[in-house]
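Number of protein chains: 2
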Amino acid sequence: MVKNAFYAQSGGVTSVINASACGVIQTARAHSDKIGKIYAGQNGIIGALTEDLIDVSVESDADIAALRYTPSGAFGSCRFKLKSLEQNKREYERLIEVFKAHDIGYFFYNGGGDSADTCYKVSQLSEKMGYPVQAIHVPKTVDNDLPITDCCPGFGSVAKYIAVSTREASFDVRSMCLTSTKVFVLEVMGRHAGWIAAAGGLAADADNDIPVVILFPEIVFDEEKFLAAVDAKVKSHGYCSVVVSEGCHYADGKFIAEQGTRDAFGHAQLGGAAPVVANMVKQKFGYKFHWAVADYLQRAARHLASKTDVDQAYALGKAAVEYAAAGDNAVMPTIVRESSTPYKWSVGKANLADVANVEKFMPRDFITEDGFGITPACREYLTGLIQGEDYPPYKDGMPAYVTLKNQLIAKKLERFEV
Amino acid sequence: MVKNAFYAQSGGVTSVINASACGVIQTARAHSDKIGKIYAGQNGIIGALTEDLIDVSVESDADIAALRYTPSGAFGSCRFKLKSLEQNKREYERLIEVFKAHDIGYFFYNGGGDSADTCYKVSQLSEKMGYPVQAIHVPKTVDNDLPITDCCPGFGSVAKYIAVSTREASFDVRSMCLTSTKVFVLEVMGRHAGWIAAAGGLAADADNDIPVVILFPEIVFDEEKFLAAVDAKVKSHGYCSVVVSEGCHYADGKFIAEQGTRDAFGHAQLGGAAPVVANMVKQKFGYKFHWAVADYLQRAARHLASKTDVDQAYALGKAAVEYAAAGDNAVMPTIVRESSTPYKWSVGKANLADVANVEKFMPRDFITEDGFGITPACREYLTGLIQGEDYPPYKDGMPAYVTLKNQLIAKKLERFEV
Numbered sequence: 001m002v003k004n005a006f007y008a009q010s011g012g013v014t015s016v017i018n019a020s021a022c023g024v025i026q027t028a029r030a031h032s033d034k035i036g037k038i039y040a041g042q043n044g045i046i047g048a049l050t051e052d053l054i055d056v057s058v059e060s061d062a063d064i065a066a067l068r069y070t071p072s073g074a075f076g077s078c079r080f081k082l083k084s085l086e087q088n089k090r091e092y093e094r095l096i097e098v099f100k101a102h103d104i105g106y107f108f109y110n111g112g113g114d115s116a117d118t119c120y121k122v123s124q125l126s127e128k129m130g131y132p133v134q135a136i137h138v139p140k141t142v143d144n145d146l147p148i149t150d151c152c153p154g155f156g157s158v159a160k161y162i163a164v165s166t167r168e169a170s171f172d173v174r175s176m177c178l179t180s181t182k183v184f185v186l187e188v189m190g191r192h193a194g195w196i197a198a199a200g201g202l203a204a205d206a207d208n209d210i211p212v213v214i215l216f217p218e219i220v221f222d223e224e225k226f227l228a229a230v231d232a233k234v235k236s237h238g239y240c241s242v243v244v245s246e247g248c249h250y251a252d253g254k255f256i257a258e259q260g261t262r263d264a265f266g267h268a269q270l271g272g273a274a275p276v277v278a279n280m281v282k283q284k285f286g287y288k289f290h291w292a293v294a295d296y297l298q299r300a301a302r303h304l305a306s307k308t309d310v311d312q313a314y315a316l317g318k319a320a321v322e323y324a325a326a327g328d329n330a331v332m333p334t335i336v337r338e339s340s341t342p343y344k345w346s347v348g349k350a351n352l353a354d355v356a357n358v359e360k361f362m363p364r365d366f367i368t369e370d371g372f373g374i375t376p377a378c379r380e381y382l383t384g385l386i387q388g389e390d391y392p393p394y395k396d397g398m399p400a401y402v403t404l405k406n407q408l409i410a411k412k413l414e415r416f417e418v
Numbered sequence: 001m002v003k004n005a006f007y008a009q010s011g012g013v014t015s016v017i018n019a020s021a022c023g024v025i026q027t028a029r030a031h032s033d034k035i036g037k038i039y040a041g042q043n044g045i046i047g048a049l050t051e052d053l054i055d056v057s058v059e060s061d062a063d064i065a066a067l068r069y070t071p072s073g074a075f076g077s078c079r080f081k082l083k084s085l086e087q088n089k090r091e092y093e094r095l096i097e098v099f100k101a102h103d104i105g106y107f108f109y110n111g112g113g114d115s116a117d118t119c120y121k122v123s124q125l126s127e128k129m130g131y132p133v134q135a136i137h138v139p140k141t142v143d144n145d146l147p148i149t150d151c152c153p154g155f156g157s158v159a160k161y162i163a164v165s166t167r168e169a170s171f172d173v174r175s176m177c178l179t180s181t182k183v184f185v186l187e188v189m190g191r192h193a194g195w196i197a198a199a200g201g202l203a204a205d206a207d208n209d210i211p212v213v214i215l216f217p218e219i220v221f222d223e224e225k226f227l228a229a230v231d232a233k234v235k236s237h238g239y240c241s242v243v244v245s246e247g248c249h250y251a252d253g254k255f256i257a258e259q260g261t262r263d264a265f266g267h268a269q270l271g272g273a274a275p276v277v278a279n280m281v282k283q284k285f286g287y288k289f290h291w292a293v294a295d296y297l298q299r300a301a302r303h304l305a306s307k308t309d310v311d312q313a314y315a316l317g318k319a320a321v322e323y324a325a326a327g328d329n330a331v332m333p334t335i336v337r338e339s340s341t342p343y344k345w346s347v348g349k350a351n352l353a354d355v356a357n358v359e360k361f362m363p364r365d366f367i368t369e370d371g372f373g374i375t376p377a378c379r380e381y382l383t384g385l386i387q388g389e390d391y392p393p394y395k396d397g398m399p400a401y402v403t404l405k406n407q408l409i410a411k412k413l414e415r416f417e418v
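So the sequences go chain by chain: A and B. For the first sequence, the positions run 1 to 418 when this note's numbering is used. For the second sequence, the positions run 1 to 418 when this note's numbering is used.
Extracted from the complex, chain A is given alone in its bound form (with noise of 0.2 Å):
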């Protein structure tokens, strides 16, 4: 029996989630005998309870095919939790009554923990109200923070970004340390796990004896211990490379970046992290500093992906949609570890109710002793999953990315106030 099938985006966009939607979507018109139209949310999952649906079958097989290399989310993405069912009944109901209203009977639902919670509660509450969808979550997330898969698509490609960036921007600082700049701060994602914090740490290497202080929001900010720890490389090379995550904090849970700042007026505190540790070094030793923040730049960037990252985006998009082929429910495509030198994986299958609610944290041993390292076994992990480069094309020389046609399809059930 043939069904539709919908599509969403949810929460932070990356550079490769849209290879995951051409994953789906390339291998969902190779299904047809067991999925019809091919629906997506615009906006994300907002779209399907205001019952904005972009019918993708307008889209060109090249077009499709282009989300490959496109960052961003091309349907439009949202941030906007499901909660419990208790909490937000009214919402699933909605949902539920939209797949029926338009005949679709697979949930593709592409994004984070939350996202892969509220796909594993539409299976529950589909059963129960007699109008059984099957719902596949397809991870994403730059925060790399999901359980049981090796790695989170997005992910790999910031880690690549970071550590790239890194290695650049020190080579810049070692050649004018002399007479200019002596500490070079960057900010990174990651309120909660250090994962982004850590692909800085790929700066250096057996080749690049650089030296970089990570400071991890999994590791308690010591302003003592991390001031001695700059000095000693500015000691001892010149110059010191920081890279700090947005999330490092103090014993209390204080972000260093709230310092209380106010501007002339009053108003609360403008910056980041890294002006507030760049200062910090200035007020001790006087370095000159120079700071960097790379905010979205960073999850955004397509142009330096990974291509392992893009390979494994597509691969977790494409199994979704061979999975819901072949029947199963509540499931998420992971990726599976087989070697790490070199680095080897495969497509596994996880049940969702073992995903939802679950956080994974950087392991205490990636942390150098000190806690402003990588270990080796945090390297080997990483390096992994920046092989490989995926460049876009170009056109006048710029990238050539594909915006979508994103028609809606016309409505049929009264409008619903989100």
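Since the hints were made in silico from the structure, they are not lab data. For every residue, glycine included, the Cβ atom is placed at its ideal position computed from N, Cα and C. Check each hint, because a few of them may be wrong.
[What the hints assert, rightly or not] Dumping the calculated DMTMM-like pairs for lysine to aspartate or glutamate here, alpha-carbon to alpha-carbon at most 25 Å:
1) Lys307/B <-> Asp396/A
2) Lys395/A <-> Asp63/A
3) Lys254/A <-> Glu369/A
4) Lys235/A <-> Asp52/B
5) Lys395/B <-> Asp311/A
6) Lys225/A <-> Glu258/A
7) Lys395/B <-> Glu369/A
8) Lys100/B <-> Asp114/B
9) Lys235/B <-> Glu417/A
10) Lys307/B <-> Asp390/A
11) Lys288/B <-> Glu369/A
12) Lys344/A <-> Glu369/A
13) Lys360/A <-> Asp396/A
[As the list claims (entries may be wrong)] So the derived list for chain A, only partly shown, Cβ under 7 Å to chain B, looks like this:
14) Ser175
15) Met176
16) Phe221
17) Glu223
18) His303
[Said to hold, decoys possible] Pair ranges (Cβ atoms, derived):
19) Asp252/A <-> Pro376/B: 23 to 31 Å
20) Arg79/B <-> Glu380/A: 38 to 46 Å
21) Ser340/A <-> Arg191/B: 42 to 50 Å
22) Lys254/A <-> Glu223/B: 26 to 34 Å
23) Pro393/B <-> Pro147/A: 19 to 27 Å
24) Thr368/B <-> Asp33/A: 51 to 59 Å
Given the coordinates of chain A, work out where chain B should sit on it, guided by the hints.
Quick look at chain B alone, frame taken from chain A:
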């Protein structure tokens, strides 16, 4: 008669200054009838003053070839300006003494406006002192502010980085703006000239309707007009990207970054222009914002260099040596624009007397009348400079940049304090 050559890197480094070094060294090695040993200044001109001369001959051909794709200054650079002959006579004379002691007859100085001036003075003074040195300037500056030459090596790659990053981040924001960030601010370099900020305008084109508001140092900042421009874009597109030059300032010359912000301890403000601008938007409209500061990442990003820029950087290094071998003195090779569509260029020659102390600003007709965008003339100018990609080789997922041996030769003179 064979004379030795001296090469030094000056001021802020770029992602392609080593490509110029590669052009100088490879071409000098091919002119052994005129040029003997090649020495490089350790940390730029300071190395010449302190007689810390790097023996380039010990570097392998492979390592010299790798300079073409290695960012930063391979021999070290410095911020050290030799002022007038009256003020710095002692330094100028010392330079000539060091050149004489090491039989150096060619001086290749790779930098911006200040180094062009120094180069010119060395040529004049060496003549007077009876030890004539052929001084050739190799242009380099991300600021793109040298006269006569169509552009400066280093700028095209920063322009490409800022254009691509702005497009990528804009795609990201576009996909999330319904429930998340509506205004994204990217701070870029350029204290006096808005060339780099202008490159943010390339994020949008006929295929990419991206709303970008640019804040140039050439245009006096008007908060009310700026906020209205941002709001109009948010209303028409749902979001807005802002590219702000670090040099953006008020009518009285005060930089917008100088907001008199104090932290909890009363220390002066830490931040740049981006958080200030983002906060203005937040205060006025309540729009959720994010901001990034590219800082050194933009000028070190060899992974995304413009092929045109790399080719030009190499060509000017090569031309400098060819001019020297042909007997030229006090000149600078330049880029001559032969046509814009398609971009075609050749190498020309300028007299240093015409280059020194002249700064090139953005023409007013490169900026739209409202002061927030680039005109078609500016787009035409910039587009040529970002043509082509020139990726470095990667090893284990990371760019394989070279670190030279940088072995010093024996000193012959007395110690000199800089």
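Exercise for the section: Go through the numbered hints given earlier and state which of them the structure violates, listing their numbers in rising order. Expected result: Violated hints: 7, 11, 12, 13, 16, 17, 19 and 23; rest satisfied.
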